[in-house]
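**Student:** Listed below are the residues making up each chain.
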Amino acid sequence: MKTNEEILIIALGLTLFLFFFGTHIAAWRVRFPLRPILMLVIIASVVAIVWLAAAFFTSLDFFTTLRITILYIAMVCAYFQTYPAIGGDSPTISLIAFLGEKQAEGIGKEELEHFLEKNPFVQARLDTLLNSNLVREIDGKYKIIGKGSVAFRLILSFRKLYGPISQGG
Amino acid sequence: MAQFLKVDNLLQIASLLSPIAALAVNVVCQIYAVRLRQGRNFLRCVAEGFLGGVFALVAYEYFLQQWRGVSGGAVDHSFYFNTLVYLLLAYSFFHFANLGNSSIRIRIYLEIKKSHGGISLREICEAYNESELMVLRLQRLVESGDVVVKNNRYYLGKARLAVVASVILMLKIFIIGHKTEFDLKRHCP
Chain W
1 MKTNEEILII
11 ALGLTLFLFF
21 FGTHIAAWRV
31 RFPLRPILML
41 VIIASVVAIV
51 WLAAAFFTSL
61 DFFTTLRITI
71 LYIAMVCAYF
81 QTYPAIGGDS
91 PTISLIAFLG
101 EKQAEGIGKE
111 ELEHFLEKNP
121 FVQARLDTLL
131 NSNLVREIDG
141 KYKIIGKGSV
151 AFRLILSFRK
161 LYGPISQGG
Chain P
1 MAQFLKVDNL
11 LQIASLLSPI
21 AALAVNVVCQ
31 IYAVRLRQGR
41 NFLRCVAEGF
51 LGGVFALVAY
61 EYFLQQWRGV
71 SGGAVDHSFY
81 FNTLVYLLLA
91 YSFFHFANLG
101 NSSIRIRIYL
111 EIKKSHGGIS
121 LREICEAYNE
131 SELMVLRLQR
141 LVESGDVVVK
151 NNRYYLGKAR
161 LAVVASVILM
171 LKIFIIGHKT
181 EFDLKRHCP
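Order-wise, the sequence lines are chains W and P. Just so you know, we're using this note's numbering here: the first sequence kicks off at 1 and counts up by one. Just so you know, we're using this note's numbering here: the second sequence kicks off at 1 and counts up by one.
Do not take every clue at face value.
Derived PhoX-like pairs (lysine-lysine); straight-line CA-CA distance at most 20 Å [said to hold, decoys possible]:
{"#": "1", "chain 1": "W", "residue 1": "K109", "chain 2": "P", "residue 2": "K150"}
{"#": "2", "chain 1": "W", "residue 1": "K147", "chain 2": "P", "residue 2": "K113"}
{"#": "3", "chain 1": "P", "residue 1": "K150", "chain 2": "W", "residue 2": "K102"}
{"#": "4", "chain 1": "W", "residue 1": "K143", "chain 2": "P", "residue 2": "K158"}
{"#": "5", "chain 1": "W", "residue 1": "K160", "chain 2": "P", "residue 2": "K113"}
{"#": "6", "chain 1": "W", "residue 1": "K118", "chain 2": "P", "residue 2": "K172"}
{"#": "7", "chain 1": "P", "residue 1": "K114", "chain 2": "W", "residue 2": "K143"}
{"#": "8", "chain 1": "W", "residue 1": "K102", "chain 2": "P", "residue 2": "K114"}
{"#": "9", "chain 1": "W", "residue 1": "K160", "chain 2": "W", "residue 2": "K147"}
{"#": "10", "chain 1": "P", "residue 1": "K113", "chain 2": "W", "residue 2": "K141"}
{"#": "11", "chain 1": "W", "residue 1": "K147", "chain 2": "P", "residue 2": "K114"}
{"#": "12", "chain 1": "W", "residue 1": "K141", "chain 2": "P", "residue 2": "K114"}
{"#": "13", "chain 1": "W", "residue 1": "K102", "chain 2": "W", "residue 2": "K118"}
{"#": "14", "chain 1": "P", "residue 1": "K179", "chain 2": "W", "residue 2": "K102"}
{"#": "15", "chain 1": "P", "residue 1": "K179", "chain 2": "W", "residue 2": "K160"}
{"#": "16", "chain 1": "P", "residue 1": "K179", "chain 2": "W", "residue 2": "K118"}
No lab work stands behind these hints: they were computed from the structure.
Only chain W is shown next, with the shape it has when bound in the complex:
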């Protein structure tokens, strides 16, 4: 691969990602979606399909097109993994931000409890499961719908590879 070719690949991959990101921001400004990850997947897929259709009519060779697509997919995957920390509040990041605010005096047990009262992480994640149609509330009880999502099963299966480790949270 030559330098010019590499610059072209990185520039086009970045342009595609920025196009995806711009569309995502515009869509979120119009209306915040109930299932944001699904909406992100749809936007990313549409951008990829439009790109591949457009690339067909250009003089780009197969491997250059493939490299640009791979770079775009890698950037989108990285964004998908970052988005939950942006869309929802991560306990770790929120705690670090809180500790940053109280840098001089630090925090004790009471402040920590007050922080938890203000930030109900468990309820927020339960609401996410409800909105994603993975869980349903029936007569005050929460139940799994169907066999569960493929993504969740994949994560749980992968976790088993680690062997016995402490529970999540």
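Fit chain P to the given chain W structure using the hints.
**Tutor:** Only chain P this time, still in chain W's reference frame:
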């Protein structure tokens, strides 16, 4: 097909597989490190897995360079592209692996799945106590040096996560228009 499988094309395919091979080494090294430490020092295992991947990437690229017959000193530019892709994949894998290790959503999902006939909000909150959750997280942060404990009070340690928190806060304001998601959330009973 015969045209497609030229030596040059095989080299291109082998080059495309470089970040994937490095990621595979990263995954294997990380799993091995976690199993060896029985789940302790998870972040250290992640770092070791990542470094394993970097070594694999460099070795793979060196092998490709020998195959191409590039003279010593001249590095083919696909190395930079493959490094960029590997960094992005390793970042995604870190979050994926961390989901199974620390995600509240996964834990709640497991609690509901374990229950027969469903589980109430009170039971979920009892099973997944928010104070315990925070203690667990603080423990991890203290282990990694991001938080330090002095006289039973917690202080910010290394600045790296504070930088991440600031960036995420800015992104939150830019993307969702709020600093926090907790404006309208219900609390545990």
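**Student:** Any hints this thing doesn't respect? Which numbers, in order?
**Tutor:** Of the numbered hints, 4, 8 and 15 do not hold.
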